[in-house]
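Novice: Chains as they are written, first to last, in my numbering: chain A, 1 to 434; chain B, 1 to 434.
Read the hints as simulated data drawn from the structure, not as lab findings.
Certain hints may be false.
No copy labels: a pair is met if it fits in one copy or bridges any two.
Claimed, not checked - Within a straight-line C-alpha distance of at most 16 Å, the following computed EDC-like cross-link-like pairs (lysine to aspartate or glutamate) qualify: (1) K346 / E200; (2) K4 / E99; (3) K183 / E205; (4) K4 / E100; (5) K248 / D138; (6) K9 / D251; (7) K393 / E100; (8) K365 / E262; (9) K365 / E151; (10) K365 / E152; (11) K393 / E18; (12) K288 / D270; (13) K288 / D186; (14) K62 / D117; (15) K393 / E99; (16) K232 / E254; (17) K9 / E79; (18) K346 / E370.
Number of protein chains: 2
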Amino acid sequence: MAQKPSIPKGTRDFGALEMARRNYIFDTIRSVFALYGFSQIETPAMENISTLMGKYGEEGDKLLFRIQNSGEKATQAPEKGLRYDLTVPFARYVVQHREELSFPFKRYQIQPVWRADRPQKGRYREFYQCDVDVIGSDSLVGELELIQIVEEVYRRLGIRVCLHINNRKVLAGIAEVIGAPDKMVDITVAIDKLDKIGVEAVNQELVERGLSNEAVAALQPILNLSGTTAEKLTALRTILANSEVGLKGVDELEEVFRLVGETSLNIELDLCLARGLNYYTGAIFEVKALDAQIGSITGGGRYDNLTGIFGMPGVSGVGISFGADRIYDVLTELNLFPEALQSGTKVLFTTFGQNELTMALTWAKALRQEGIAVEVYPEPTKMKRQMTYADQKSIPWVAIIGGDELAQQKVMLKNMTSGEQRLVALDELKQILR
Amino acid sequence: MAQKPSIPKGTRDFGALEMARRNYIFDTIRSVFALYGFSQIETPAMENISTLMGKYGEEGDKLLFRIQNSGEKATQAPEKGLRYDLTVPFARYVVQHREELSFPFKRYQIQPVWRADRPQKGRYREFYQCDVDVIGSDSLVGELELIQIVEEVYRRLGIRVCLHINNRKVLAGIAEVIGAPDKMVDITVAIDKLDKIGVEAVNQELVERGLSNEAVAALQPILNLSGTTAEKLTALRTILANSEVGLKGVDELEEVFRLVGETSLNIELDLCLARGLNYYTGAIFEVKALDAQIGSITGGGRYDNLTGIFGMPGVSGVGISFGADRIYDVLTELNLFPEALQSGTKVLFTTFGQNELTMALTWAKALRQEGIAVEVYPEPTKMKRQMTYADQKSIPWVAIIGGDELAQQKVMLKNMTSGEQRLVALDELKQILR
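The shape of chain A in the complex, shown without the other chains (with noise of 0.2 Å):
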């Protein structure tokens, strides 16, 4: 036999039972996202390489993939690359057919986008995203949606998460108050250290970092921040009282928090959270599973200016991404799929003759027509390898039929789990099925 054939380095086949899962996963997203209104979108996977470059950095555009008409001479410069996120896409998207969307546009898109990294251990050339975006519109009902979309997600998926909350704005305004306002991103970087490796290392990395002494003293308030949500944004408006952008900040956070109001959810403002921030304006969001090690599984935030790339500036908007592989990862690794996903079909029949199947053919009829899902093994075969059929595909019922039962018209049932079986009538069959 030739050599087994291979798919490319960073891609992945997805089995049945693989299927399943990440059809439940994403059934559960798209059933929360549409109880708030937002619809479904698709783009190509292919998009203009003009699109695409300088929109990601240098190191993004050396990560794109190319796509070359076969017509195309090899040294043809490829007009076209593979999408590389759902952002620039959708930005794409919504400045293309600005004159038919009703803004604000809520919109989702879950979809693989590829990326030509190196190939490791989680990290793949093909993945999904699956985001989630309202545009159009400035207010914080989008960030207090987004947070309810959240919460729902994960109490449908059974995963306990922590949402951490920060805002672009206080992060300006904390860097404006200490007098190191080009220093944002450094003080940032700085903070999230924080917990592992203590506040003297902290400080003497910020100093490295160019903040002078006055700076970092006018910082440790900040630093030493803690208490409840209400304690620390009081506190917060003293620190930023002489920053106009910083109390912004603070107002957006405390009317977040105002609009959820009451939640099972655990929300942490969390000012070390830098995620992305070259990029949002507002809000930032990130959540992680309590109960897995696995970081961000979710995350996103507001931004001012996502279509100004396509000449359309000044449009706000805010948005999150789901991180499907990492979702997956966590339910399994804390055993929370449902079992019932592993096979779809209640029954099989077996086949031992002619008649048996004809029989066989005619109750699986009936059974479908009342919404369940049957197999009846195709050909006549050893009892043994339909019962493994059974097994492998988990089915939890085999129905049996012999010459006795074909005699009777009814067929032995027999319970995969328990290995129990008795004979039933066709009537008796249903309503165990059902």
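Let chain A serve as the given structure and place chain B on it in line with the hints.
Specialist: For chain B alone, kept in the frame of chain A given last:
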């Protein structure tokens, strides 16, 4: 403003309504597949170029999209290509994963494919295929189940169809008994024109294609075949009496008709059907919509050597492919899409002030807990603009909260179809929307 961005020719964006309609088609098909125990799989968009090359003929090779890593020099030959169909990746999948699979393996796959075809009306460079196959069994129960799936899918979609069925072995038998065993394809192509050009022109074409006068004479009983399916099969059995393969084909057709039994589906034995003749070895299927002039909307057949190209010979299977784009066009032309697809959102709450917004958000939360899809217009703006939003998204109800409603803790509920409106409390609203 800069020039509007665009997408590569031959590709499409799918907006909210198109996606809702496409999901309706795929969900309908998927739910029927599930009743028969078919499992979904997915394969990567990119395959090794060696997996794809030489599988689609010389013309197909030219239509492959090749992928370049950005790291690669333009002069290097790309090692990967985009999926051209779902058949070759499926064959590759079966061979690569044969140790893990339970045979017969019943799978379906719904994913886009890419072809560097010249774009034209109804022909795209990116389009979805929707394939369902059972592989690893030569039982005609496979043919039966696919026919039942066709019947149920189109019953659910409301499209009246005719399923044309033929058998490659019958065609081979015909060529054999008229003494032209190497002319099977020529004969089929000529017969196919019978309705359009008449018997005499067909006979002339057959002579031009190299058939002897004796062979053409011997073919006449087949051209004149008429009557019920049973009558046609009886006549064929006589005509093909001296062809072993031909009689085997008649046996198979007869058995498929017997297995199908009573059915509401129009099934026509159609000896002109020659779809994929170089590929299929038994049954050949094609489904046409009766009320739309659009050609085939589903097709497929039995094959015996799908996996042979990857070194795993002698595995029989049968499969069909649903043409999603054409089904979409038929449903549009015949106005068969359910109206409720347009928007999932049941009610929009208007927003005219802070207190009204707070009440709307509280009510929205309560309704969503009942599984009702709700939107809250996120910021105070003119009534007209909010109504237009509801209208454009085809939201059937608008709940208006002004000062009076706020005081009474009721909403003025407007039916967007009839224009009627009345004051309702939360419990009433739940009942109306459920």
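Novice: Work down the list of hints and note, for each, if the structure agrees.
Specialist: Now for the hints, and whether the structure bears them out:
Taking identical chains as interchangeable, the C-alpha atoms of K346 and E200 are never at most 16 Å apart, the minima being 62 Å within one chain and 56 Å between chains. With identical chains, the CA atoms of K4 and E99 are at most 16 Å apart between copies only, with a shortest distance of 12 Å across copies and 51 Å within one. In this homomeric assembly, K183 and E205 come within 16 Å of each other (Cα to Cα) only inside a single copy, at 13 Å, whereas the closest approach across copies is 83 Å. Only between protomers do K4 and E100 lie at most 16 Å apart by alpha-carbon distance; the minimum there is 14 Å, versus 49 Å within a single protomer.
In the homo-oligomer, the alpha carbons of K248 and D138 lie at most 16 Å apart inside one protomer (13 Å), although the nearest pairing across protomers, at 71 Å, exceeds that limit. Proximity of K9 and D251 under a CA criterion of 16 Å is satisfied in neither setting, with 48 Å inside one chain copy and 47 Å between copies. Taking the shortest alpha-carbon separations for K393 and E100, only the inter-copy value of 11 Å comes in at or below 16 Å, while the best intra-copy value is 46 Å. Taking identical chains as interchangeable, the C-alpha atoms of K365 and E262 lie at most 16 Å apart only when they sit on different chains, with a minimum of 12 Å there against 51 Å within one chain.
Taking identical chains as interchangeable, the C-alpha atoms of K365 and E151 lie at most 16 Å apart only when they sit on different chains, with a minimum of 12 Å there against 42 Å within one chain. For the homomeric pair K365 and E152, the shortest alpha-carbon distance between copies (11 Å) is at most 16 Å, but the shortest distance inside one copy (38 Å) is not. Taking the shortest alpha-carbon separations for K393 and E18, only the intra-copy value of 13 Å comes in at or below 16 Å, while the best inter-copy value is 35 Å. When the C-alpha separation of K288 and D270 is checked against a cutoff of 16 Å, the pair qualifies only within one copy, where the shortest distance is 12 Å, while the shortest distance between copies is 60 Å.
Taking the shortest Cα distances, K288 and D186 never come within 16 Å of each other, neither inside one copy (23 Å) nor across copies (65 Å). In this homomeric assembly, K62 and D117 come within 16 Å of each other (Cα to Cα) only inside a single copy, at 9 Å, whereas the closest approach across copies is 28 Å. With identical chains, the CA atoms of K393 and E99 are at most 16 Å apart between copies only, with a shortest distance of 14 Å across copies and 49 Å within one. In this homomeric assembly, K232 and E254 come within 16 Å of each other (Cα to Cα) only inside a single copy, at 10 Å, whereas the closest approach across copies is 80 Å.
Proximity of K9 and E79 under a CA criterion of 16 Å is satisfied inter-copy only: 11 Å between copies versus 24 Å inside one chain copy. For the homomeric pair K346 and E370, the shortest alpha-carbon distance inside one copy (12 Å) is at most 16 Å, but the shortest distance between copies (29 Å) is not.
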